[in-house]
Amino acid sequence: MLEVRDLGVWFGDRQVVGVDALDLDKGQTVGIVGETGSGKSMTAYAIAGLAPGMGARVEGSVKLDGRELIGLSDGALRDIRGRRIAMIFQAPISSLNPVFRVGDVFLRALRLHGASKANARERAAEAMRSVALSPDLLHRYPHQLSGGQAQRVAIAMAVALRAEVLIADEPTSALDVTVQAEILDVLEKLQAEESLAMLFISHDLAVVSGICDTVAIMYDGEVVERGPVSETLHHPSHPYTRELLAAVPRLTTPEAPDA
Amino acid sequence: MIRYAAERLGLGVLVVVGVVVLTFLIARVIPGDPAVTYAGPRASKAQLEHVRKQLGLERPVIVQLGDYLKGIATGDWGTSYRTKRPVLSDLRTALPASVELVTAGLILALLVGLPLGLISARFHGRLPDVLIRIASVIGVSMPVFWAALILQLVFAQKLGWLPAAGEYDPNLYYTSPLTSYIQMPTVDALITGNFAVLKSSISHLVLPAAVVALYPAGLLARMVRASVLDTLGETHIRMTRSLGFGDRAIYGRWALRPAMNPVIQVTALVFAYSLANTFLVEAVFDWPGLGSYAANSLQALDTPAIVGVTLIVAIVYVVLNLLVDIAQAAIDPRIRLR
Amino acid sequence: MTAVTAPTSVPGVRARGFARRNPTLVLGIVLLVLIVLVALAAPWLAPAPGDAGTATHPFNVLTDPSSAHPFGTDLVGRDLLTRVMYGARISLRIVVEVLLIAGVVGIPLGLIAGYFRGRVDQVIMRITDVFLAFPALLLSLAIAFVLTPSVQNMTIAIAVTWWPWYTRLVRGEAASIATRPYIESCRVLGVSHARILARHILPNSITPVLVQMSMDAGGILLTAASISFLGLGAQDPTPEWGLIVSQGAQYFATQWWFVTFAGLAILFTAIAFNLIGDGIREMLDPRRVVSR
Numbered sequence: 001m002l003e004v005r006d007l008g009v010w011f012g013d014r015q016v017v018g019v020d021a022l023d024l025d026k027g028q029t030v031g032i033v034g035e036t037g038s039g040k041s042m043t044a045y046a047i048a049g050l051a052p053g054m055g056a057r058v059e060g061s062v063k064l065d066g067r068e069l070i071g072l073s074d075g076a077l078r079d080i081r082g083r084r085i086a087m088i089f090q091a092p093i094s095s096l097n098p099v100f101r102v103g104d105v106f107l108r109a110l111r112l113h114g115a116s117k118a119n120a121r122e123r124a125a126e127a128m129r130s131v132a133l134s135p136d137l138l139h140r141y142p143h144q145l146s147g148g149q150a151q152r153v154a155i156a157m158a159v160a161l162r163a164e165v166l167i168a169d170e171p172t173s174a175l176d177v178t179v180q181a182e183i184l185d186v187l188e189k190l191q192a193e194e195s196l197a198m199l200f201i202s203h204d205l206a207v208v209s210g211i212c213d214t215v216a217i218m219y220d221g222e223v224v225e226r227g228p229v230s231e232t233l234h235h236p237s238h239p240y241t242r243e244l245l246a247a248v249p250r251l252t253t254p255e256a257p258d259a
Numbered sequence: 001m002i003r004y005a006a007e008r009l010g011l012g013v014l015v016v017v018g019v020v021v022l023t024f025l026i027a028r029v030i031p032g033d034p035a036v037t038y039a040g041p042r043a044s045k046a047q048l049e050h051v052r053k054q055l056g057l058e059r060p061v062i063v064q065l066g067d068y069l070k071g072i073a074t075g076d077w078g079t080s081y082r083t084k085r086p087v088l089s090d091l092r093t094a095l096p097a098s099v100e101l102v103t104a105g106l107i108l109a110l111l112v113g114l115p116l117g118l119i120s121a122r123f124h125g126r127l128p129d130v131l132i133r134i135a136s137v138i139g140v141s142m143p144v145f146w147a148a149l150i151l152q153l154v155f156a157q158k159l160g161w162l163p164a165a166g167e168y169d170p171n172l173y174y175t176s177p178l179t180s181y182i183q184m185p186t187v188d189a190l191i192t193g194n195f196a197v198l199k200s201s202i203s204h205l206v207l208p209a210a211v212v213a214l215y216p217a218g219l220l221a222r223m224v225r226a227s228v229l230d231t232l233g234e235t236h237i238r239m240t241r242s243l244g245f246g247d248r249a250i251y252g253r254w255a256l257r258p259a260m261n262p263v264i265q266v267t268a269l270v271f272a273y274s275l276a277n278t279f280l281v282e283a284v285f286d287w288p289g290l291g292s293y294a295a296n297s298l299q300a301l302d303t304p305a306i307v308g309v310t311l312i313v314a315i316v317y318v319v320l321n322l323l324v325d326i327a328q329a330a331i332d333p334r335i336r337l338r
Numbered sequence: 001m002t003a004v005t006a007p008t009s010v011p012g013v014r015a016r017g018f019a020r021r022n023p024t025l026v027l028g029i030v031l032l033v034l035i036v037l038v039a040l041a042a043p044w045l046a047p048a049p050g051d052a053g054t055a056t057h058p059f060n061v062l063t064d065p066s067s068a069h070p071f072g073t074d075l076v077g078r079d080l081l082t083r084v085m086y087g088a089r090i091s092l093r094i095v096v097e098v099l100l101i102a103g104v105v106g107i108p109l110g111l112i113a114g115y116f117r118g119r120v121d122q123v124i125m126r127i128t129d130v131f132l133a134f135p136a137l138l139l140s141l142a143i144a145f146v147l148t149p150s151v152q153n154m155t156i157a158i159a160v161t162w163w164p165w166y167t168r169l170v171r172g173e174a175a176s177i178a179t180r181p182y183i184e185s186c187r188v189l190g191v192s193h194a195r196i197l198a199r200h201i202l203p204n205s206i207t208p209v210l211v212q213m214s215m216d217a218g219g220i221l222l223t224a225a226s227i228s229f230l231g232l233g234a235q236d237p238t239p240e241w242g243l244i245v246s247q248g249a250q251y252f253a254t255q256w257w258f259v260t261f262a263g264l265a266i267l268f269t270a271i272a273f274n275l276i277g278d279g280i281r282e283m284l285d286p287r288r289v290v291s292r
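Residue numbers (my numbering), protein chains in the order written: chain F, 1 to 259; chain B, 1 to 338; chain D, 1 to 292.
So that you can see chain F by itself, here it is in the shape it has in the complex:
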């Protein structure tokens, strides 16, 4: 459904992303793992079409259902953003506009993509319930929500807009472990019910191993290894992947990973 080929992102003369290939199918969750500076977030922004707005230059091909997104007109891209590709971010409360009630952004986004006033309210309420939140929370300001609630609101927006692809940029990194679990549950539920295609970016191997079907390991802007989660994480072939795995603290005595 989502095909990325030879994606390059530059800031001035410096290249930050050089991804040869990345694929995402309907109902599939692909994880992108790497340390800070590996280019994983920029890859996500480039796919979502947000890179030029950050001052970056993008080249290559990103195809959504066969349609090329790179080089598309701004107007056409804006139709796709939200409606077909949605995104959630790290630090969920910061990702909501602090001076507006949460519902304001929500409803306006829905109406931007064609819903009527009444219809928007309905869909928003429905979406909130699907992430186990009361629609009353829409009247609150972001700082009146907890981190977990805020992230679920962001997810609800994607659901209400009926996006087909959800790009999640470190969605749980800023939350406590118990709240993390809640959010992951919500995402898993969506995977199952809506066959959402999800791009899950994280530095946390444990989380990725739980929720993703396939994983791509990124280092210095390039994908150094990719494959199904179980295989890649248990039988890593690239030395960097092995390093990452070795860095995960274990409760038992360490055993050398199978070569």
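In case anyone wonders, no lab produced these hints; they're calculated from the structure.
Every residue gets a Cβ at the ideal spot worked out from N, C-alpha and C, and that includes glycine.
This list has only true hints and no planted wrong ones.
One-sided excerpt, in silico: chain D residues whose CB lies under 8 Å from chain B: (1) Arg126; (2) Val130; (3) Phe134; (4) Gly218; (5) Leu222; (6) Ser226; (7) Leu230; (8) Val245; (9) Ala253; (10) Asn274; (11) Leu275.
For this one, chain F is given, so just place chains B and D on it according to the hints.
For chains B and D alone, coordinates are given in the frame of chain F:
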């Protein structure tokens, strides 16, 4: 929210009282004899004595201060030594004129500065930004009295497009007399449908208001630019973009409102600065506002008038700060809970 | 993905790099240096140094700009170029003196208020509140009026209205530093308050004040010029720019040069100060994106 406002109000009253005391004491230090001003330069010694008793100038300063404070609270702000009228009524005609001018100037500054700041942010680093930034620096560096003189010369005298002085054409006193409600010709004319005066007063406002607007417009453009650029870097704007909103929505709503916070914070400062500038502008354009009244009172050593002007300016500033604090709390909900 | 590192050992290269990254600051400094040079060189460069003082030339009154008098002459025949040049000396002196006085008064008060807190803090803060309830210009005018108008008294008047800002700023910084653990350990060790204030609190709270001062310079200049324009500051024959503009105001329609050059001098100098202030603020902004 109410508590917040009440707290601020209490503080304000305290400050005003402090200001009055300070000014009263300063005014008492002014060299020169108020009795002479009141009675005139040819008054005899006996008459001066009489006037002194009448004005209560012989009593200890503390007592005079006490009486004065009591008077303020009950609406008696003393009688001007110079105009022989109650200070309060003098102020009632002078203050609105200044307010009219400052308000016109600030509205103009807002209409010019805000969009320029947004444009500057939108095209930052490029030509429109550079040009606007140059203009802003000139705006905040411009000596107000000089700009007033130049605009007056160019537009009033050389080109004859706009009138050079006064609030509105004096001939209209006879041909189209204005009934005054709040002593602001523009507003009064609007309310009473007196279009001749309205036209005249607006054309008289243009130049002075433009001069008053120079500094705030420049400042506003710079602040809006900085604030919007800061806001644009925040995650919630990225979220907004990812939802499909375009530049118009982002610059017009999503980045604009959070960016207004620091701008509003300086509003009180800007108003105070503009009020001061207004006095300079009044001097050049012969505008019958507080500035002229203050200048005349200072020259005549008219203590009650001087204290009255000081008091009114302090009150205006305190009220303004209050309004700004409340506006800030209204726009940014995070402030209320602090 | 290789990066080319520029040689940083050559001084010229580093200076150019600095200039490219901080154009506003450099422009402001260049302008200010020009003005300072003019001010310093005035006694030698000016065509008629005596005209900055009490000299009068009754036969040369209000003449147009010419090669002998590039800025024309004023209402008693004095060469305006000379007076404008000497005016630079006066304006710069006023700005420096005001900042000095306001700093010397305001900073210690702020340190005391922020460090000792409690009643002292409350009292000092209330006093600053009262002073801050007034726009600088108005209060300066009032004070300048009370003390007989002159450049010295005007300087004092402006300084009196300006110090509360610095007190506020310093107090904020001092208060937050005073609560830091290392200050507490100093006290436990028996270090005297004076020493703590001087060695630890002062150096760490002074930066915002210095930045603010650089931004205030322009405002002080304009305030001084405005006060002189209204007649409550510099008096004739002192060649202060604001005074010159007020003298020329009534002749403006026919002798345009009288007002113009003095006003331009004010504008130019204010721009220089403001650019420097902006430049310093930009340079210290922690969120600045420096393109590599």
